[in-house]
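If you want the building blocks of each chain, they are given just below.
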Amino acid sequence: MGEMEQMKKEAEALKTQIEAARKAAHDTDMASAASGVAPAPRVQLKTRRTLKGHLAKIYAMHWCTDNRLMVSASQDGKLLIWDSHTGNKVNAVPLKSSWVMTCAYAPSGNLVASGGLDNMCTVYNLKTPVIKTVKELDAHTGYLSCARFLSDTEILTSSGDTTCVLWDLETGKQKTVFLNHVGDCMCLSLSPDMNSFVSGACDSLAKLWDIRDGQCKQTFQGHTSDINAISFYPSGNAIITGSDDCTCKMYDIRADQEVISYQDAALNSGVTSLDLSASGRLIFAGYDDFNCNIWDSLKGEKVGVLSGHDNRVSCTGVPGDGMCVCTGSWDSFLKIWN
Amino acid sequence: MVSKMSSKMVGSNNLANARRMVQQLRVEASIERIKVSKASADLMRYCGENAKYDPLLMGIPASENPFKDKKPCTIL
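For the record, the sequence lines run as chains B and F. Residues in the first sequence are numbered consecutively from 1, following the UniProt record's numbering. Residues in the second sequence are numbered consecutively from 1, following the UniProt record's numbering.
It should be emphasised that the hints constitute simulated quantities derived from the structure, not laboratory data. Note that the structure is predicted; figures quoted are calculated from it, not measured. A hint or two may mislead.
Said to hold, decoys possible - Dumping the calculated BS3-like pairs for lysine-lysine here, alpha-carbon to alpha-carbon at most 27 Å:
hint: 1; chain 1: B; residue 1: 46; chain 2: F; residue 2: 52
hint: 2; chain 1: B; residue 1: 217; chain 2: F; residue 2: 52
hint: 3; chain 1: F; residue 1: 68; chain 2: B; residue 2: 15
hint: 4; chain 1: B; residue 1: 46; chain 2: F; residue 2: 68
hint: 5; chain 1: B; residue 1: 175; chain 2: B; residue 2: 135
hint: 6; chain 1: B; residue 1: 89; chain 2: B; residue 2: 135
hint: 7; chain 1: F; residue 1: 68; chain 2: B; residue 2: 302
hint: 8; chain 1: B; residue 1: 89; chain 2: F; residue 2: 38
hint: 9; chain 1: B; residue 1: 52; chain 2: F; residue 2: 68
hint: 10; chain 1: B; residue 1: 299; chain 2: F; residue 2: 38
hint: 11; chain 1: B; residue 1: 23; chain 2: B; residue 2: 217
hint: 12; chain 1: B; residue 1: 299; chain 2: F; residue 2: 68
hint: 13; chain 1: B; residue 1: 23; chain 2: F; residue 2: 38
hint: 14; chain 1: B; residue 1: 96; chain 2: B; residue 2: 132
Using the sequences and the hints given, assemble the complete structure.
Written out as structure tokens, the structure is:
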């Protein structure tokens with residue numbers, strides 16, 4: 001038997017082994033296990049702020065760790081820094097390329113990053129007298145879909161070139177390239193302990209990576225279309241994904257499988273974005289149908305909806321203190337709800 | 001609407017790729033898995049312990065809500 005034939009046989013055997021091991025661990029599912037848990041209260045949130053200022057579709061937003069400032073990115077070619085308490089714009093950063101798809105705030109509050117169809121991640125210093133570009137990270141061969149700072153010296157990116165990359169911000173060079181997806185990487189989320197991250201891609205898979213050794217540790221399947229959104233559960237033991245297949249799913253990392261799916265026959269729009277409340281009990285998921293649906297993460301039931309945007313909800317974010325949820329939309333507005 | 005580029009095709013006929021795929025599957029097959037019942041119990045416990053620190057779940061009193069517009073005081 002040629003080596004190619006042997007490899008194919010071994011691959012099939014390993015896949016069968018993995019499926020059998022997952023099945024053996026599947027003695028229940030999350031919704032059944034949580035049947036005795038009191039339902040989450042009906043969640044009715046009010047719009048507290050409507051942030052007006054962008055002139056075109058908003059594609060991304062990210063909270064600062066101070067729970068007050070946030071950055072948003074629009075294809076009007078600007079990043080805007082907002083004070084969410086007052087609703088005022090604190091800064092505007094003009095972008096070289098208006099085709100922006102992601103933005104990020106560094107944990108220190110000193111830096112923000114953006115990127116998109118220019119295939120680059122550009123990092124800006126907000127604390128210099130005039131906002132300066134400090135680095136242009138230029139090595140991806142596809143669009144930049146997501147960026148997240150680990151610190152002022154390291155940033156993780158995901159790209160349409162199917163890779164994720166950890167960059168050294170002092171040298172501007174790639175430290176680690178994470179190779180395994182076979183479709184455009186669309187989103188990433190850092191683990192609470194910062195030792196790993198998960199990525200979601202157009203190959204309908206989510207993957208867990210060790211940041212330091214670059215290895216893909218686990219692959220989660222179940223979605224039937226692109227995964228556009230992904231987030232770690234605050235406990236660090238589970239992840240939530242959102243997909244063009246109109247569902248969100250929870251995968252437990254230690255059980256290595258899907259444990260619950262959040263879906264509704266009436267919902268036939270893709271999920272664009274998601275974030276979790278502070279305890280993880282509530283999932284806020286933005287959809288193409290202009291709404292953000294609120295799910296009980298344990299019981300799988302829809303417990304509320306945020307309606308108010310006049311176009312697709314493209315980004316969703318809960319600040320670190322869990323005091324509100326922000327939605328951004330193609331209607332050019334951001335809304336803050338609690 | 002940003003169109004997603006078509007995925008790069010990983011040549012499944014390529015021997016090096018096949019070796020890489022088998023190596024990856026070996027890594028993924030070797031992990032220890034816990035039962036979903038235990039995973040669920042741990043998640044439920046985590047939610048239960050942290051519910052009180054979850055403002056969106058518990059509700060936020062108006063006086064503590066930085067986003068609630070305070071009604072103006074009228075000096076009589």
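We went through each hint and held it up to the structure:
{"no.": "1", "hint": "B/46 with F/52", "verdict": "holds (21 Å)"}
{"no.": "2", "hint": "B/217 with F/52", "verdict": "violated (34 Å)"}
{"no.": "3", "hint": "F/68 with B/15", "verdict": "violated (53 Å)"}
{"no.": "4", "hint": "B/46 with F/68", "verdict": "holds (10 Å)"}
{"no.": "5", "hint": "B/175 with B/135", "verdict": "holds (15 Å)"}
{"no.": "6", "hint": "B/89 with B/135", "verdict": "holds (24 Å)"}
{"no.": "7", "hint": "F/68 with B/302", "verdict": "holds (25 Å)"}
{"no.": "8", "hint": "B/89 with F/38", "verdict": "violated (47 Å)"}
{"no.": "9", "hint": "B/52 with F/68", "verdict": "holds (18 Å)"}
{"no.": "10", "hint": "B/299 with F/38", "verdict": "holds (16 Å)"}
{"no.": "11", "hint": "B/23 with B/217", "verdict": "holds (19 Å)"}
{"no.": "12", "hint": "B/299 with F/68", "verdict": "violated (30 Å)"}
{"no.": "13", "hint": "B/23 with F/38", "verdict": "holds (15 Å)"}
{"no.": "14", "hint": "B/96 with B/132", "verdict": "holds (12 Å)"}
Checked against the numbered hints listed earlier, the structure breaks hints 2, 3, 8, 12; every other hint is satisfied.
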